[in-house]
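In order, the protein sequences belong to chains Y and X. Under the working numbering, the residue at position 5 of the first sequence is numbered 5, and the numbers go up by one with no gaps. Under the working numbering, the residue at position 5 of the second sequence is numbered 120, and the numbers go up by one with no gaps.
Because the hints were derived from the structure by calculation, they are not lab data. Predicted model only: the values in this text are computed from it and were never measured.
BS3-like mimics (lysine-lysine), calculated; alpha carbons at most 27 Å apart, straight line:
| no. | chain 1 | residue 1 | chain 2 | residue 2 |
| --- | --- | --- | --- | --- |
| 1 | X | K213 | Y | K51 |
| 2 | Y | K62 | Y | K51 |
| 3 | Y | K51 | Y | K27 |
| 4 | Y | K71 | X | K213 |
| 5 | Y | K71 | Y | K27 |
| 6 | Y | K44 | X | K213 |
| 7 | X | K213 | Y | K27 |
| 8 | X | K213 | X | K185 |
| 9 | Y | K71 | Y | K44 |
| 10 | X | K185 | Y | K44 |
| 11 | Y | K44 | Y | K27 |
| 12 | X | K213 | Y | K62 |
| 13 | Y | K71 | Y | K51 |
| 14 | Y | K62 | X | K208 |
| 15 | X | K166 | X | K185 |
| 16 | X | K208 | Y | K51 |
| 17 | Y | K44 | Y | K62 |
| 18 | X | K166 | Y | K44 |
| 19 | X | K208 | X | K185 |
| 20 | X | K166 | X | K213 |
| 21 | X | K208 | X | K166 |
| 22 | X | K208 | Y | K44 |
Below, each chain spelled out in residue letters.
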Amino acid sequence: NAGVMQNPRHLVRRRGQEARLRCSPMKGHSHVYWYRQLPEEGLKFMVYLQKENIIDESGMPKERFSAEFPKEGPSILRIQQVVRGDSAAYFCASSPNLDSKETQYFGPGTRLLVL
Amino acid sequence: GQQLNQSPQSMFIQEGEDVSMNCTSSSIFNTWLWYKQEPGEGPVLLIALYKAGELTSNGRLTAQFGITRKDSFLNISASIPSDVGIYFCAGRKTSYDKVIFGPGTSLSVIP
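In isolation and in its complexed conformation, chain Y is listed as follows (with noise of 0.2 Å):
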């Protein structure tokens, strides 16, 4: 059984260009939760999605960053005219369903940088 896969694992962006990480949740998930992660800082939480729907977004900057979690196909972390700040890692895990009992796992990350 794969586990969350996401991809790019390092991608390289300009300032100003737009940057689209993709998440793969576990197979049988139906959740999906994106995490950003600063150098030497914990993993802070951006947005939860099921599919077709975002369930909580508190975490994400009011603007430049979108997320989606289509009915088919990955969900998306969608980062539009890149700055420096935005260089990180970007984290997404998946959720079978909301019972309590049921954690999150990890894929691998992208990391992120902005030149």
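Given chain Y's structure and the hints, the job is docking chain X onto it.
Frame of chain Y, contents of chain X only:
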């Protein structure tokens, strides 16, 4: 907003020593989780706790859900070099709340 505090922030120990770290919250949680993150990788779940007072082991790791429901503890016995990494605690108030992560405890093991 909700915050978790972890202590110590970092630890340097000799191989073979036991390790203790803890996590505290100002809010009551119904789930406590402990993750380990190695350089360049995503966090890996070590132990999940669901009931106040619960004590759960995973090999040399033991974690406890504090009886006040505002804290949790992780112990590692007889540390080895591959225990090196950052240990994150995480908690959730209810099934419908997002998981909150602590800032992590960085563990270094000296052979």
